[in-house]
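Read top to bottom, the protein sequences are chains A and B.
For what it's worth, our numbering labels the leading residue of the first sequence as 7, then goes sequentially.
For what it's worth, our numbering labels the leading residue of the second sequence as 1236, then goes sequentially.
The reader is advised that the hints may include incorrect statements.
Straight-line alpha carbon distances no greater than 30 Å define the calculated DSBU-like cross-link-like pairs of lysine-lysine that follow [claimed, not checked]:
| hint | chain 1 | residue 1 | chain 2 | residue 2 |
| --- | --- | --- | --- | --- |
| 1 | B | Lys1262 | A | Lys262 |
| 2 | B | Lys1279 | A | Lys169 |
| 3 | A | Lys252 | B | Lys1354 |
| 4 | A | Lys261 | B | Lys1344 |
| 5 | A | Lys262 | B | Lys1287 |
| 6 | A | Lys8 | B | Lys1338 |
| 7 | B | Lys1336 | A | Lys262 |
| 8 | A | Lys169 | B | Lys1454 |
| 9 | A | Lys183 | B | Lys1454 |
| 10 | B | Lys1454 | A | Lys261 |
| 11 | B | Lys1261 | A | Lys96 |
| 12 | B | Lys1330 | A | Lys169 |
| 13 | A | Lys262 | A | Lys198 |
| 14 | B | Lys1407 | A | Lys190 |
| 15 | A | Lys94 | A | Lys210 |
| 16 | A | Lys152 | B | Lys1287 |
| 17 | B | Lys1354 | B | Lys1336 |
| 18 | B | Lys1338 | A | Lys169 |
| 19 | A | Lys183 | B | Lys1407 |
| 20 | B | Lys1407 | A | Lys94 |
| 21 | A | Lys261 | A | Lys52 |
| 22 | B | Lys1454 | B | Lys1407 |
| 23 | B | Lys1454 | A | Lys252 |
| 24 | B | Lys1326 | A | Lys183 |
| 25 | B | Lys1279 | A | Lys261 |
| 26 | B | Lys1287 | B | Lys1338 |
| 27 | A | Lys94 | B | Lys1326 |
| 28 | A | Lys96 | B | Lys1287 |
I should point out that these hints are in silico values taken from the structure, not numbers from a laboratory.
Model, not experiment: these values are computed from the prediction.
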Amino acid sequence: MKKLISVIKTYIIFIFSIICILMVWQIASHLLGSDILLPSVFSVLKTFVSLFGNKTFSMDVSFTIYRAFKSFVIIVISSSVLGVFGGKYKAIGLWMNPILTVLKSTPVMSVILLAFIWFQTGTVPVFSAFLMAFPIMYMQMETGYKSLEEEMIQMCNLYGFTKQDQVIHYIIPSLTKSFIIGSKQTLSMIWKVVIAAEVLTVPKYGVGSKMQLSQMQLETGSVLAWTLVAIMLTALGDILFYGITKMIASMSNSKKRSRAL
Amino acid sequence: MRIQNLTFAYGSDKIFDNFSVTIPSKKICTVVGGSGCGKSTLLKLIASLIQKQSGEIILDETEMGPVSYLFQEPRLLPTENVYSNVELVLKSSIKDDAERKEKVFYYLKRVGLFQDRTKYPSELSGGMKQRVAIARAFAYPSKLILMDEPMQGLDIKSRQVVLGLFADLWEKDPRTTLFVTHDLRDAITRGSSILALGDPNNPVDFIDVDSMRPLNDEKYGVLETRLLDAILI
């Protein structure tokens, strides 16, 4: 019962927060009195709904999702492997340090502009997202590996655990938290960079391309409606990721439970 | 087990200098001594967790093989349940799943955790975690049990329960055991013999407690004084 009340409270606060944002938006729009500067909430929602009827809407969204997903897979695999090695071997960690410092301090726009010179438009978002989000995931995994307890490894060795069992039953579960945090942060960074790169490079299909076209035609309502699409994609990505991790955890727990019964 | 001319130092800090002692097989030898006198170091040297600088540790035939180690903290795998924490140490020795399960169930029943076998370490009290560690230590087909103050940090009641369970399991399956403790009462009542460690220059007093049993108040007092003398050099 207590838990239910707490969940209801959380939802009430969440909905109240959204209502506040919409109210501030509506008041600001009313005060400015210009659809080009800031259209009303209702006008943007109308445009947002009309986007679904747009012929290229599904292609725009699909290409953005494809680029984000491609970047995500490349980043998660490469930075997890390198992060673990960086945590395990000091030399690799030291070698990676300057690279990470450069990547962390380079402005997103510089990366996108340079990538635009080097690659085709469709590749720029993926490349830029990789460079921007790689350090986030890498550092999570490196720190995660470094925080493995030497005492637990010692216990595993004393009790005759094979290397495979150590990895499956201690190392991977210990790194899971870092992996999930890193993946979440990476995912939200990827959406931002992919869409920013699409805005600058304007590939044929993409949410960012449509934002850029709307902006050029001074359709502020459309820019905001596409922004809403981007926000929803990020939220859906988060929900999907949360759902998958929960499902894997629950499957793993029930498997362990059934073995013990 | 015979330890002969063992020498070990942490940097310039000498812990053992030509230290020799014989530990009886298939008995519990309690180890007492002040902080930093080398109690835990001795166990680590026996388990080869650290390497001796010189000397020999000669194991009896009945002591050769795997070692069960009970640490100060239970060191349970946090993402595995009680059952798996015990089962995993049997994977290399018992290939048959049903046989392995039977053995895990036996030990979990013995330490009173059969009903809690699907729980995770985070759901257990300190005493329960240490009981899982004891079940794991006895389930593991070891020849030697090394206990590095595993009751430290437990309240009096849990401590008595855990010690009782340990004694019960040990009676059924005696193995050479070195039990490091700060508690002189535990050392006297639980050990067949007591190894009291002093400083490297006057390292050891070895007392055969079994030969003095039954212990009356007078003998107990004499033993306690002797141990205190050895420790507080």
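For the pair supplied as a hint, lysine 94(A) and lysine 210(A), is the alpha-carbon distance within the 30 Å limit?
Violated, because 43 Å separates the two Cα atoms, which is more than 30 Å.
Given the hint that lysine 169(A) pairs with lysine 1454(B), does the C-alpha gap stay at or below 30 Å?
violated (51 Å)
Check whether the Cα positions of lysine 1454(B) and lysine 1407(B) lie no farther apart than 30 Å.
Holds, at roughly 28 Å.
Take a quick look at whether lysine 8(A) and lysine 1338(B) sit within 30 Å of each other, Cα to Cα.
Given that 30 Å is the threshold and the Cα spacing comes to 41 Å, the pair is violated.
Hey, lysine 1279(B) versus lysine 169(A), does the alpha-carbon distance stay inside 30 Å?
Holds, because 22 Å separates the two Cα atoms, which is no more than 30 Å.
Between the alpha carbons of lysine 183(A) and lysine 1454(B), is the straight-line distance 30 Å or under?
Given that 30 Å is the threshold and the Cα spacing comes to 56 Å, the pair is violated.
Would the hint linking lysine 1262(B) and lysine 262(A) be met if the CA-CA limit is 30 Å?
violated (37 Å)
30 Å Cα cutoff - pair lysine 1454(B), lysine 252(A)
violated (62 Å)
Between lysine 1261(B) and lysine 96(A), does the CA-CA distance stay at or below 30 Å?
With a Cα-Cα distance of about 44 Å, the restraint between lysine 1261(B) and lysine 96(A) is violated, given a limit of 30 Å.
Holds or violated: are the alpha carbons of lysine 1338(B) and lysine 169(A) at most 30 Å from each other?
Roughly 23 Å between the alpha carbons, so the hint for lysine 1338(B) and lysine 169(A) holds.
With the threshold set at 30 Å, check whether the alpha-carbon distance from lysine 1330(B) to lysine 169(A) stays at or below it.
holds (17 Å)
For lysine 1336(B) and lysine 262(A), compute the direct alpha-carbon distance and say whether it is at most 30 Å.
Satisfied, since the Cα-Cα distance of roughly 13 Å is no more than 30 Å.
Comparing the model with each earlier hint shows violations of hints 1, 5, 6, 8, 9, 10, 11, 13, 14, 15, 19, 20, 21, 23, 25, 26; every other hint is respected.
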